[in-house]
Amino acid sequence: MAELVHTQGEHHAGPKHDYNLVDPSPWPLMGAATAFVFMVGMVLWMHETPHGGLVVLLGIAGILATMFVWWRDVVKEANRGDYSNVVAHMLRIGMVLFILSEVLFFFAFFWAFFWSASYPPELVAMQWPPPGVTPAEAFGVPFLNTLILLLSGTTVTWAHHAVREGDNRTATKALLLTVLLGAIFTSIQAYEYVHLYREGLTLATGVFGSTFFMATG
Numbered sequence: 006m007a008e009l010v011h012t013q014g015e016h017h018a019g020p021k022h023d024y025n026l027v028d029p030s031p032w033p034l035m036g037a038a039t040a041f042v043f044m045v046g047m048v049l050w051m052h053e054t055p056h057g058g059l060v061v062l063l064g065i066a067g068i069l070a071t072m073f074v075w076w077r078d079v080v081k082e083a084n085r086g087d088y089s090n091v092v093a094h095m096l097r098i099g100m101v102l103f104i105l106s107e108v109l110f111f112f113a114f115f116w117a118f119f120w121s122a123s124y125p126p127e128l129v130a131m132q133w134p135p136p137g138v139t140p141a142e143a144f145g146v147p148f149l150n151t152l153i154l155l156l157s158g159t160t161v162t163w164a165h166h167a168v169r170e171g172d173n174r175t176a177t178k179a180l181l182l183t184v185l186l187g188a189i190f191t192s193i194q195a196y197e198y199v200h201l202y203r204e205g206l207t208l209a210t211g212v213f214g215s216t217f218f219m220a221t222g
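In terms of the numbering used here, the sequence shown has 103 at position 98, counting the first letter as 1, and numbering is strictly consecutive.
The hints are simulated quantities; they were obtained by calculation from the structure and are not laboratory data.
Ideal placement from N, C-alpha and C gives every residue a C-beta, glycine not left out.
Check the hints yourself; a few may be wrong.
[Unchecked claim] Here are the in silico distance ranges between beta carbons for each label pair:
1. 87 - 195: 32 to 42 Å
2. 99 - 53: 34 to 44 Å
3. 192 - 86: 15 to 25 Å
4. 45 - 99: 25 to 35 Å
5. 53 - 171: 48 to 58 Å
6. 78 - 124: 43 to 53 Å
7. 152 - 202: 18 to 28 Å
Hey, can you work out the whole structure from these sequences and the hints?
This is the structure in structure tokens:
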């Protein structure tokens, strides 16, 4: 009799499987809305519309807030034990596909850049860089930023190995160091972009400017 009650209870509880069915969440809609605000702000800023920069900052703040609350829910679900081995495997596959999509995304921009450099079109007087364009010094600030980027990759790998070994204290320190390096990298990148804009290299500076900023940004 007890086995029958147990079996009926499992039947009414629904099908058993290894997948986590998440509750309805407002965060995807919020993320889409804040991304739209950011895009509108960028358009307004590029057209030098008043308060365009403020709209951009609001969009960025909204995106960061969405990331925080969404990832907070993911951590809660993980701590509750909602993620089985199958779900964890699917999350890893999702990350691999995300990285692959980023590789293909930037491959198109670098292809456009190197194609234009190898076969300069008549639009830029068959010269590369185009006349009137002064590119950034490769072994100056860009080289320093590249070293910082590589170093941040090293520290996040350090954090990953610390997590796998159960050393949460070291993992926290390594992640904080990674975040600090990321902030330094972003600050230097912003400084370099402002400098290039003042020198006349912008998104509107033909194919060189557009591909340069898309590939490096």
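- Starting from the hint list further up, note which numbers the structure goes against and sort them upward. 3
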